[in-house]
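Undergrad: Chain by chain, the residues run as shown.
2 protein chains.
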Amino acid sequence: MISLFAPQGIGEIHKGDNLADIIMASCELRDYDVVTVTSKIVSKAEGRVVAIDHHDEKAFETLILSEARRVLRRRGSLIITETHQGYVCANSGIDLSNVDEGYAVLLPSNPDLSARRIQKQLSNKTGLKLGVVITDTFGRTWRKGVTDVALGCAGIAAILDLRGTKDSKGRVLVATEIAIADEIAAAAELAKPKAGGTPVVIVRGLDEEVFRRSSIAKEIIRDPSEDLFR
Amino acid sequence: MISLFAPQGIGEIHKGDNLADIIMASCELRDYDVVTVTSKIVSKAEGRVVAIDHHDEKAFETLILSEARRVLRRRGSLIITETHQGYVCANSGIDLSNVDEGYAVLLPSNPDLSARRIQKQLSNKTGLKLGVVITDTFGRTWRKGVTDVALGCAGIAAILDLRGTKDSKGRVLVATEIAIADEIAAAAELAKPKAGGTPVVIVRGLDEEVFRRSSIAKEIIRDPSEDLFR
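Top line first, the protein sequences correspond to chains G and L. So my numbering is basically just the index in the first sequence, starting at one, shifted up by 29. So my numbering is basically just the index in the second sequence, starting at one, shifted up by 29.
To be clear, the hints were calculated from the coordinates, so they are not data collected in a lab. It is possible that some hints are incorrect.
Result set (DSS-like, lysine-lysine): computed pairs, CA atoms no more than 30 Å apart in a straight line [unchecked claim]: (1) L:K221 / G:K158; (2) G:K198 / L:K198; (3) G:K221 / L:K247; (4) G:K247 / L:K223.
Sequences and hints are given; from them, build the entire structure.
TA: Right, dumping it as structure tokens:
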């Protein structure tokens, strides 16, 4: 059985805030919990916030391009970019919601590293075996609507590799690299009240064997050379 | 709080089996549960199984093409198709695992209809308000690994539309159509033991307001004309 809950009372996050301390104060963690944290509060704590006029579309475009390695597609005000971190997403992941007027929040520079920092602090301070997943909300190529995905992770597998595992008929399975970190991110979204303001979700009950060193950059980001649609 | 569990003891499914009865016998459902069901057992119950020599690659390709509206990309033995149902996926969603040697399981012809049939029977027999999501495992364009997505749904929103909702700063949110059915499908995967053989997962604790008539075909399948990457 898996359970998910969103600790309440995590207030506004500012540059320099210690997210591990804030998370620990908001809930009682247990061994083998996964703590999901939205990239937005990670960016705010890390100071990845820049001043921008919310009504200046040209300035927003310049900002999007400055966070991009390349532009994949454009349609109207929507720009699909490949970010410096390697994500393919809308507007380089820059979002103007839930931030003070006059500011924009950029994606964390290195979400795997952010996850590792939070995970290490949480583990050291609690003595527990924990995973951390940094989440954000991305669109999908062929399907409407957005889902939460993992931008970074630590202490929990990004990919659960079942290659070599046998199916119920005793035959070896193919195509069985499960993006468990993305499934954790998507699941966490279900535990958030619609009104928002819940940047952390605890996922409890995952198999102990999925807790290991890992990285979204290394395990999930597809190299452009392997890509069929870029 | 959201909880997910996989009822045990659902055996092999055969053509004509009544999935609603089988699900009800495997667990105690409650009001506002969502029942996720893998497309594989839906297809088996509906007789969407064809004979094929597992070692005949040409026959497999012919089968893939017969289930496709068009081919988007090819690389080696991998064929990315748009299926007759409108999904973009590998090999028209045809999988040779967890099926008897000599057979292939096709995707259900109309997973929204399959979901509606199961949901109606479950609701009528239990008197409960329930949702049903038919799931399958798809790859992603830009990210490695696979995640479970919703092929069909009934009684539960495909998209949770937050357009017009205000953020914590009181500003109206943009780009907030959450593909909740896909997040439910991904979450359900977390509750399945690695060895497989658990085609049903119950998702408990979702907001009552997300229970409504809906359809993956109408709400989630992106029309090719709106598509930036086809």
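Undergrad: It remains to establish, for every hint, whether it holds in the given structure.
TA: Verification of the supplied hints:
no.	hint	result
1	L:K221 / G:K158	21 Å, holds
2	G:K198 / L:K198	55 Å, violated
3	G:K221 / L:K247	25 Å, holds
4	G:K247 / L:K223	22 Å, holds
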